[in-house]
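Peer 1: Below are the chains, spelled out letter by letter.
Number of protein chains: 2
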Amino acid sequence: MKLAVFGAGAVGRSVVELAGEYGHTVTALADSSGAVVDSSGIDVAATLERKASDGTVGDGDPQTALESEYDVLVEATPTTLGDAQPGFGHAREAFARDRDVVLANKGPVAERYDELRALERESEGSLLFEATVGGAIPVLSTITDVGTENVTAVRGVLNGTANFVLSRMATEGLSYEHVLAEAQDLGVAEADPSFDVDGTDAALKCAILANVLFDGGYTLADADVSGIRDLPGSALELAAEDGWTIRLVGEVSPNGVSAAPRLIPENGTLAVSGTRNIVQFETQHAGQLNISGRGAGGDETATAVLADVSRLEREM
Amino acid sequence: MKLAVFGAGAVGRSVVELAGEYGHTVTALADSSGAVVDSSGIDVAATLERKASDGTVGDGDPQTALESEYDVLVEATPTTLGDAQPGFGHAREAFARDRDVVLANKGPVAERYDELRALERESEGSLLFEATVGGAIPVLSTITDVGTENVTAVRGVLNGTANFVLSRMATEGLSYEHVLAEAQDLGVAEADPSFDVDGTDAALKCAILANVLFDGGYTLADADVSGIRDLPGSALELAAEDGWTIRLVGEVSPNGVSAAPRLIPENGTLAVSGTRNIVQFETQHAGQLNISGRGAGGDETATAVLADVSRLEREM
Numbered sequence: 001m002k003l004a005v006f007g008a009g010a011v012g013r014s015v016v017e018l019a020g021e022y023g024h025t026v027t028a029l030a031d032s033s034g035a036v037v038d039s040s041g042i043d044v045a046a047t048l049e050r051k052a053s054d055g056t057v058g059d060g061d062p063q064t065a066l067e068s069e070y071d072v073l074v075e076a077t078p079t080t081l082g083d084a085q086p087g088f089g090h091a092r093e094a095f096a097r098d099r100d101v102v103l104a105n106k107g108p109v110a111e112r113y114d115e116l117r118a119l120e121r122e123s124e125g126s127l128l129f130e131a132t133v134g135g136a137i138p139v140l141s142t143i144t145d146v147g148t149e150n151v152t153a154v155r156g157v158l159n160g161t162a163n164f165v166l167s168r169m170a171t172e173g174l175s176y177e178h179v180l181a182e183a184q185d186l187g188v189a190e191a192d193p194s195f196d197v198d199g200t201d202a203a204l205k206c207a208i209l210a211n212v213l214f215d216g217g218y219t220l221a222d223a224d225v226s227g228i229r230d231l232p233g234s235a236l237e238l239a240a241e242d243g244w245t246i247r248l249v250g251e252v253s254p255n256g257v258s259a260a261p262r263l264i265p266e267n268g269t270l271a272v273s274g275t276r277n278i279v280q281f282e283t284q285h286a287g288q289l290n291i292s293g294r295g296a297g298g299d300e301t302a303t304a305v306l307a308d309v310s311r312l313e314r315e316m
Numbered sequence: 001m002k003l004a005v006f007g008a009g010a011v012g013r014s015v016v017e018l019a020g021e022y023g024h025t026v027t028a029l030a031d032s033s034g035a036v037v038d039s040s041g042i043d044v045a046a047t048l049e050r051k052a053s054d055g056t057v058g059d060g061d062p063q064t065a066l067e068s069e070y071d072v073l074v075e076a077t078p079t080t081l082g083d084a085q086p087g088f089g090h091a092r093e094a095f096a097r098d099r100d101v102v103l104a105n106k107g108p109v110a111e112r113y114d115e116l117r118a119l120e121r122e123s124e125g126s127l128l129f130e131a132t133v134g135g136a137i138p139v140l141s142t143i144t145d146v147g148t149e150n151v152t153a154v155r156g157v158l159n160g161t162a163n164f165v166l167s168r169m170a171t172e173g174l175s176y177e178h179v180l181a182e183a184q185d186l187g188v189a190e191a192d193p194s195f196d197v198d199g200t201d202a203a204l205k206c207a208i209l210a211n212v213l214f215d216g217g218y219t220l221a222d223a224d225v226s227g228i229r230d231l232p233g234s235a236l237e238l239a240a241e242d243g244w245t246i247r248l249v250g251e252v253s254p255n256g257v258s259a260a261p262r263l264i265p266e267n268g269t270l271a272v273s274g275t276r277n278i279v280q281f282e283t284q285h286a287g288q289l290n291i292s293g294r295g296a297g298g299d300e301t302a303t304a305v306l307a308d309v310s311r312l313e314r315e316m
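For the record, the sequence lines run as chains A and B. Counting in the numbering used here, the final residue of the first sequence is number 316, and the numbers go up one at a time with none missing. Counting in the numbering used here, the final residue of the second sequence is number 316, and the numbers go up one at a time with none missing.
Pulled out of the complex, with its shape left as it was, chain A reads as follows (with noise of 0.2 angstroms):
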């Protein structure tokens, strides 16, 4: 397949460097800076060369992508709140050309699902967006597995970054600031972490999850969500002499979607340590699957990205 690849963040990158691997041809990348398109592949250690040493990749305008010769469009640059741009456009870009668009960008699922939908409806491209939940875990094509109606709830640990520090808060005695700080010279947290202790992003995946459970009608507004910012190492502690835990969990049931600190067995499934995420489906005749693995990293995601690629290849 063609891919015409947007964003040149850690995913959009390991997306063009695994492409080949997996069969297919990047026919484009752009991101803000500008664009480098080439209908028989670009030249892909070049660009990402040139992104490296000069901060663009490519002279083009970043429109000449979206209008260029490709079969999927994938979107891979930051997710937003709210309208979800500019990843929202360039979907709809896409599928008013016919194209597929598999999505890394969380935004246009959790904020704006029911247009997308209705877009690609009048289209002949479809969506697919494994790659916005769960980062390497098959959560969305496990679900498809199963049959969206036979999964009756879905919980989990949906934040890596939140999770190690909870993890070593746990197991070390530290406080929330040290582990934070520790994190962030890790690399594990952002200089900025309010995206991911503040719930957001967890919140973010669990609308997603709503949407897809339930077809549709959430957004992030419709989720209930805490952080992780004022826990006391206190509550970790006094938790720990019963057998139990915290880590910020996501859940989505008919009950409603929240993504809140909440007690677990210490040694329960859901208690997984570091950055890892766990993904606890609750189904009907199934009975409960649970799914672990790295939930973020550009290769991690970009594997989930170029399945979705693959998925649509065999579906076509």
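Hints were generated in silico from the structure; no laboratory data involved. Beta carbons are placed, not taken as given, at the ideal position from N, Cα and C, and that holds for glycine. All the pointers check out, no bait thrown in.
With a cut-off of at most 25 angstroms between alpha-carbon atoms, the simulated SDA-like pairs for lysine to any residue come out as follows:
1. A:K2 / B:T148
2. A:K2 / B:M316
3. A:K2 / B:E149
4. A:K2 / A:A46
5. B:K2 / A:M316
6. B:K2 / A:S141
7. A:K2 / B:S141
8. B:K2 / A:T148
9. A:K2 / A:M316
Output of the computed footprint for chain B on chain A, the stretches with three or more beta carbons under 8 angstroms from beta carbons of chain B:
10. 17-27
11. 146-158
12. 281-290
13. 300-306
Not everything, but these chain B residues come out facing chain A in the computed CB check (under 8 angstroms):
14. A136
15. N290
16. G293
17. R294
18. D299
Please arrange chain B on chain A, whose structure you already have, making use of the hints.
Peer 2: Relative to the frame of chain A, chain B by itself:
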């Protein structure tokens, strides 16, 4: 899709009961005792009632089911070794008629994989067999998602009966014989438990995984197999002293295929308890993925069968 279901054991019965929920129609059900065929859909309730009371699904010759009108043949007769009959023959007849084949029966893909793929290549029909490994756990679809070449090894607890016995021995300090008798009372182990406790079932699943990962060439004979029958309770006690436990672990890697009791960390990911299964994937670009869930059971396995049927429908 129209389904012709072969086998009226726990899995076959669940498939015919749940097919309607997934939007499919059962047009034939056959087992060694007879067959019922109705191109507009069999009367599921009446057929299963008759099977329960008279021991037969219907007066028809099973051959009439093979020759009937259907889109997908679902093979759920008991797994047999060596020639893998009658399952293999059913699949061959379906492919000769250009129909799709979905297996719950492990025999044909563990013992005669290369022949089956050759028949598939000559046919318009396609072969899927998610239900043969890990029941409700989406093992093969995860390999497809991640990309076969990207998966470097798979290991896991693949037999619920053996795992029930080992985890009870470890937690209760009971002998193998004691726990086995208990498992038989609970219906977790069969009267003749050899297939499970000798590692054969886990090894068949590993042979199937090896065929998928390495594009064929494997049978049960290629696996190093040892069971749990002679494992003394003292081995589990010794292991526990150092924080380890023992599980029957199946493993597939470029180094070979095996199913044998292994020492694993007591609180580690592989140490699932009771009849649960877990599958661990090592991948090149997506790190380690773990999926746990119910590895057996009629409804659980039927869910995997029906996921395959839906996949065939999407990819048509």
